[in-house]
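Peer 1: Produce the entire structure from the sequences given, and follow the hints as far as they go.
Heads up: the sequence lines are chains A and B, in that order.
If you're matching positions, the first sequence starts at 2 in our numbering and goes up one per residue.
If you're matching positions, the second sequence starts at 22 in our numbering and goes up one per residue.
EDC-like cross-link-like pairs, simulated, lysine to aspartate or glutamate; straight-line CA separation at most 20 Å: (1) K164/B / D244/A; (2) K243/A / D194/B; (3) K102/B / D244/A; (4) K243/A / E145/B; (5) K117/B / D244/A; (6) K193/B / D244/A; (7) K249/A / D194/B.
It should be emphasised that the hints constitute simulated quantities derived from the structure, not laboratory data.
For clarity, every value in this text was computed on a predicted model and none was experimentally measured.
The residues making up each chain are set out below.
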Amino acid sequence: MTKGLRAGLWVFAVAYTGIGLSGLMSVEGQDFFRILYSKPMQAWAVALFAVEASGIGGGRSGKLLWFLRAAAALAVALGIILGSLYRFSGETVITETQTVSLSGVEYLRGTYYMGKLAKKAEADVELVSLKPGFSGDGMSLESLDARLKINAQERGLGDKGAINAHGLKIGIKGFGYSPMFELGERGGEPLEQAYVYLNIFPPGAEDYFRLLEPLTYYVRYYPSGRPGFMFPHFSLRIARNKDIVASKPDLKLGEKLVFDNGYMSFIEIKPWTRLVIVRDSWMELAVLGLVLSFILAVVPAILEKRTRRST
Amino acid sequence: MLKRGLWIIIGIVSAVASSYYAYAPYGLENLSFNAGLFDEGPVKADVVNTVRGFNSYYAKFFNTGGDLGGLGEFPAENMIKRRVVQEINNWSAQDKTLVYDKDVFEVESVEVLSPRSAVLVAKEVWFMSAQMRSTRLRASGVKANQIRVRYMLQKWPDGKWRVVEYEVFGIKDDIPPLDPARFII
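Peer 2: Written as structure tokens, this is what we have:
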């Protein structure tokens, strides 16, 4: 009975994880850790440990095998349950030269996870520099290197790795531009200046932002120019609800686009990336336990089948 | 003692049932969509009708100078309603009314992204003019506003579709790919 129950449990885990990762029943695939730390998987982990520890109906064939299976299942159960309670993770945008305080920053929607017993990340992170490596046509990102100061200690980081600092794993992901806009009165003083984080990479991608008025500012950025406009420039379109009140396809840095009684200009531009923050010391235990448990479930079964065939 | 095969079936059924509850109440709807079994026809028809209704209310609010009767039926997310009211108030402060007269509404495409979200692109031409609020005498010339609009719609729990965002492009502008970060389905 143990073998059948074990097989059923593993089929459940693989099927449930597969449904979650593929997004078959949701709009998009779920993050692996959200599936792993979900209530059904916690219940599954406890059931797996109960089955392996008790050696139900199987006779403890090979005490060593029984012990290893039980230990691996315990690692899975502890890793999943404690991970779900203590994990903290989230992503936030950071612009070059900006400093963010991880305890007070706003994390991007859909990326934030805080277990019931978790503590918020606490560290100040400054993005000292961000160096993207583009493909030949400038349309895709091939590499991304950053220098970060974490609580005043400078470290280097690429988009394929992560830094361990102060109990956190910090990585970077994604790339875009944050232009600094200047909104002012026509012929007068600037009224407002600020960086705005926009998804305007690669060249031709468009994003928009709004300030207090019912105006929408649609922006594209061509750092190397484009046919017909072979110089770095923005394309800016301003709409008041459905009325396009001003537009300029080749706005240079510092140039003003006049509309109504004011103007909009982009006076500086900096790159941004996303900081990926994770504190989860239990995930490795859960994954190690899963791999061991699975191997210890499958390999003996295969060997036993081969032995039966040969006899 | 159950055979192994039966335990495997129990495992699969349990996984599907757990997933059903994890992704309720739209799990089966999403499954049928992802399996290619979802009938998009009625959704597309609903989406087109919703955008027509959106434009009808939009024009009415402007043309009446802010008569907000029907604001609850206006199939739009609250921030869109707020921007419309904001602009009408701005015009009212100048004792003016902005009149929107729809000339062209041509649906270019409707894409169903999921059972509860869709994107519609339309070519529109609106004749716009300002009028004095009190006398209805024309206060500006007539502007032919030729635009393409990408509407993002979601189906809310009450079963009705609403425009949650729209982007306005010039008639000659290319429309860039939809940014998923902007439209979380």
